[in-house]
Amino acid sequence: MKNLKKTTKQDFITYLAVILAFIAITVMGDAGMLSRSFKGQLVPICCYIVMAVSLNLTVGILGELSLGHAGFMSVGAFSGIIAAMSLQAAIPSPVLRLVIALVVGAAFAGVAGALIGIPVLRLRGDYLAIVTLAFGEIIKELINCLIVGVDSKGLHIIFNVSGAKTVNDLHMLEGGRAIIKGAQGATGTETIASFTAGFVLIMISLVIILNLVRSRSGRAIMALRDNRIAAESVGINVTKYKMMAFVTSAALAGAAGALYGLNYSNLLATKFNFNTSILVLVFVVLGGLGNIRGSIIAAAILTVLPEMLRSFADYRMLVYAIVLILVMLGTNNAQLKGLLAKIIPTKLRKEAK
Amino acid sequence: MARFKPHSVNESPLVPLPTNAYIPQRDLDKAPILEVSHLGIDFGGLTAVNDLNLTVGRTEIAGLIGPNGAGKTTVFNLLTKVYQPTRGSIMVDGIDTHSMNTAQVNRLGVARTFQNIRLFNNLSVEDNVKLGLHNSIKYSMAGGILRLPSYWKQEKVAHDRALELLSIFDMQDMADMKAGSLPYGAQRRLEIVRALGTNPGILLLDEPAAGMNPSETAELMENIIKIRDTFQIAVMLIEHDMNLVMGICEGICVLNFGKVIAKGTPAEIQENPAVIEAYLGRKKEG
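Chains as they are written, first to last, in the working numbering: chain A, 1 to 353; chain B, 1001 to 1286.
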């Protein structure tokens, strides 16, 4: 019972910190204390936080390295944009349309996660990582071929594999509008994303993941990470729980993608490339595998930092790479760990307990 | 010790029955929990286990012994389907486990511990036991995320049951500790508790006394008998400690080079020349 209380308290602190941060930023924004560029970063920060938290479910809690998380974000972004834009006439309320877009984005990404999960989750370790990477790239290329438009008759979708087709090939009626123009990406999207929506999405993701981890299913997922053979020996269905974690993770990434997509009037499919996947992985590794609060902090700081150090932006990926290497070395090096323990003994002692 | 003629003898003439199966008298009126016939597995060209026939009674404590490399752990891995057998059949509680996987066989009632301890090291002791109870806790993923009443009710039941099981080994006070931080002996005991959580019909213990001193081993022997009596289940154990094996096992099967070389009661096994030869070697002729 003591343990239950301790974990509940930890979760409560996480929720409280997110709520306080939201209130503080909203108040500061209203008082005009935030710069324009920082305000522009608020929605992306929320999206990346959800991305990091959801990837942590796969990498930290299930223990499988996924390098294609941006692919699910991409599926969510473009399906969310299509949903929001095609319902523009039918549903005037932007809030309701945003909610629908997020749900559609999550659903499509979840289905993509299930389809990719079937072959991928049969693999282990490095092989799984490389195959998720490949699937992430495949998704990017597929969306790059997509041309979608909407008119009074409904959605028109063609697949521009040859590269020769254009929006005109959709054969839309008068008044029809293109939503996604192949390699040009989504253009003219109505930006209905808001910081409040981002905050709500973060809270929902936290509730889903933290409660999942403390439940029967979450225990089974962590058991697979700690010892697959032992987990099987106590009757845990490996495929079921791997899929559960993977699909949940993909669906949340899809919702984050939909929010991200609806924050920009123009969005290219190439935005969700390997670099983005790695970026999110860096958040997770920096924040600590399995540490949800760490993911949130790392995602927020590392999204803001490049903007604040704009003049160094060219070196951003280089710095990320170096940080990743250092953290990997640090967490796997007994001597460095010992040194850290000497520097911050109280914190580590607390964690050990 | 009476000889047991398996009930399926007349049903399947193609598969000759295990001829010398030992089952305690009290279990004779009940179908055996485990029936293994002609079990074998090849790894490439190597036959690791061949033509193994075993019958274990409902509440029997059975021993599986043999020199190093005889294939004892391989037998456990076959029984729990970590390996799929190349030949032969395994019947658990009268049900053929053909093409089942480890998790399905566990749900049929086969629980095990491991020679090299396999706990969920990053989880608490209580969570380890709750994972043993996994299939008896019934609420959905949504129930867990939304914390529906079923979640609170079932988690409470699981919590109480976990502490109850831990109390077999007086480990309730360790419930909040991380499993990986437990001392060695406690880790071995936790594995047994976790296995018991799955509500098994037969408990397979792979070297439960490894690394224990004589007084700990004596305590373990008492506990194995206590578990058998409390849960009314069969126990099958691999062990090198002959005091333990001869002290508590009712039927013993001796393996060497993947083949059964002897079966019988402890007294019979101790006098069996083939067993003595396998363990001590043969006297040079002439």
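No wet-lab data here; the hints were simulated from the structure. Wrong hints could be hidden among the right ones.
Here are some chain A residues the structure puts well away from chain B; computed CB gaps all over 12 Å [stated by the list, open to error]: (1) Thr7; (2) Phe22; (3) Ile158; (4) Phe159; (5) Glu174; (6) Ile208; (7) Arg216; (8) Ala220; (9) Arg225; (10) Ala231; (11) Val234; (12) Ala334.
Lysine-lysine pairs mimicking DSSO-like chemistry, simulated, CA-CA at most 27 Å apart [unchecked claim]: (13) B/Lys1178 <-> A/Lys9; (14) B/Lys1138 <-> B/Lys1156; (15) A/Lys6 <-> B/Lys1030; (16) B/Lys1178 <-> B/Lys1156; (17) B/Lys1153 <-> A/Lys240; (18) A/Lys9 <-> B/Lys1153; (19) B/Lys1226 <-> B/Lys1259; (20) B/Lys1138 <-> A/Lys6; (21) A/Lys342 <-> B/Lys1156; (22) A/Lys153 <-> A/Lys181; (23) A/Lys165 <-> A/Lys6; (24) B/Lys1226 <-> A/Lys6; (25) B/Lys1178 <-> A/Lys240; (26) A/Lys342 <-> A/Lys6; (27) A/Lys39 <-> A/Lys271; (28) B/Lys1030 <-> B/Lys1226; (29) A/Lys271 <-> A/Lys181; (30) A/Lys153 <-> A/Lys165; (31) A/Lys9 <-> B/Lys1226; (32) A/Lys9 <-> B/Lys1138; (33) A/Lys9 <-> B/Lys1259; (34) A/Lys240 <-> B/Lys1259; (35) A/Lys240 <-> B/Lys1030.
From the three backbone atoms N, C-alpha and C, an ideal C-beta is built for every residue, glycine too.
Tested hints:
1. Its beta-carbon lying about 9 Å from the closest one in chain B, A/Thr7 breaks the requirement of being farther than 12 Å from that chain.
2. The Cβ of A/Phe22 lies farther than 12 Å from every Cβ of chain B, with a closest approach of about 22 Å, so its non-interface assignment holds.
3. In this structure A/Ile158 is separated from chain B by more than 12 Å, as the shortest Cβ-Cβ distance comes to about 38 Å.
4. With a least CB separation of 35 Å from chain B, A/Phe159 remains clear of the 12 Å interface cut-off, as annotated.
5. The claim that A/Glu174 is not at the interface with chain B holds, since no C-beta of that chain comes within 12 Å of its own (minimum 46 Å).
6. Consistency note on A/Ile208: stated as away from chain B, yet its beta-carbon is not over 12 Å from all of that chain's, at 5 Å minimum.
7. Against the 12 Å criterion, A/Arg216 falls within the reach of chain B, whose nearest CB is about 5 Å from its own CB.
8. Residue placement check: A/Ala220 does not keep its beta carbon more than 12 Å from all beta carbons of chain B (closest about 6 Å).
9. Annotated as non-interface, A/Arg225 brings its C-beta within 12 Å of a C-beta of chain B; the closest such distance is 8 Å.
10. Not every CB of chain B is more than 12 Å from the CB of A/Ala231 (nearest about 7 Å), against its label as outside the interface.
11. Listed as outside the interface, A/Val234 is inconsistent with that label: its C-beta sits roughly 5 Å from the nearest C-beta of chain B, within the 12 Å cut-off.
12. At roughly 16 Å from the closest C-beta of chain B, the C-beta of A/Ala334 stays outside 12 Å, upholding its exclusion from the interface.
13. A hinted pair counts as satisfied when its Cα atoms are at most 27 Å apart, and B/Lys1178 with A/Lys9 qualifies at roughly 18 Å.
14. At roughly 12 Å between alpha-carbon atoms, B/Lys1138 and B/Lys1156 fall within 27 Å of each other, so this suggested pair holds.
15. Proximity of A/Lys6 to B/Lys1030 is assessed by CA-CA distance (about 48 Å); at most 27 Å being required, the pair is judged violated.
16. Simply put, B/Lys1178 and B/Lys1156 have alpha-carbon atoms about 20 Å apart, close enough for the 27 Å limit, and the pair holds.
17. The suggested pairing of B/Lys1153 with A/Lys240 holds, with an alpha-carbon distance near 24 Å, which does not exceed 27 Å.
18. In summary, the hint linking A/Lys9 to B/Lys1153 is supported, as the alpha carbons are separated by about 20 Å, within the 27 Å threshold.
19. Restraint check: the Cα-Cα separation between B/Lys1226 and B/Lys1259 comes to about 31 Å, which exceeds 27 Å; the hinted pair is violated.
20. Between the alpha carbons of B/Lys1138 and A/Lys6 the distance comes to roughly 24 Å, so the proposed pair stays at or under 27 Å and holds.
21. Straight-line distance between C-alpha atoms of A/Lys342 and B/Lys1156 comes to about 40 Å, which puts the hinted pair past the 27 Å bound.
22. The hinted pair formed by A/Lys153 and A/Lys181 meets the criterion: a straight-line CA distance of about 19 Å does not exceed 27 Å.
23. Annotation: proposed proximity of A/Lys165 to A/Lys6 is violated, straight-line Cα distance about 59 Å (limit 27 Å).
24. The suggested pairing of B/Lys1226 with A/Lys6 is violated, with an alpha-carbon distance near 34 Å, which exceeds 27 Å.
25. With a C-alpha separation of about 26 Å, the suggested pair B/Lys1178 and A/Lys240 falls inside the 27 Å cut-off, and the hint holds.
26. Restraint check: the Cα-Cα separation between A/Lys342 and A/Lys6 comes to about 26 Å, which is no more than 27 Å; the hinted pair holds.
27. As the CA atoms of A/Lys39 and A/Lys271 are separated by approximately 21 Å, the hinted pair is consistent with the 27 Å bound.
28. For the hint linking B/Lys1030 to B/Lys1226, the alpha-carbon distance of about 21 Å falls within 27 Å, and the restraint holds.
29. Of the supplied pair hints, the one linking A/Lys271 and A/Lys181 holds, its CA atoms being roughly 15 Å apart against a limit of 27 Å.
30. This hinted pair checks out: A/Lys153 and A/Lys165 have alpha carbons roughly 21 Å apart, not beyond 27 Å.
31. Straight-line distance between C-alpha atoms of A/Lys9 and B/Lys1226 comes to about 39 Å, which puts the hinted pair past the 27 Å bound.
32. Only pairs whose Cα atoms come within 27 Å are accepted, and A/Lys9 paired with B/Lys1138 is accepted, the gap being roughly 25 Å.
33. A C-alpha spacing of about 56 Å is found between A/Lys9 and B/Lys1259, which places the hinted pair above 27 Å, so the restraint is violated.
34. With a C-alpha separation of about 37 Å, the suggested pair A/Lys240 and B/Lys1259 falls outside the 27 Å cut-off, and the hint is violated.
35. Using a Cα cut-off of 27 Å, the hinted pair A/Lys240 and B/Lys1030 is violated, with the two alpha carbons roughly 36 Å apart.
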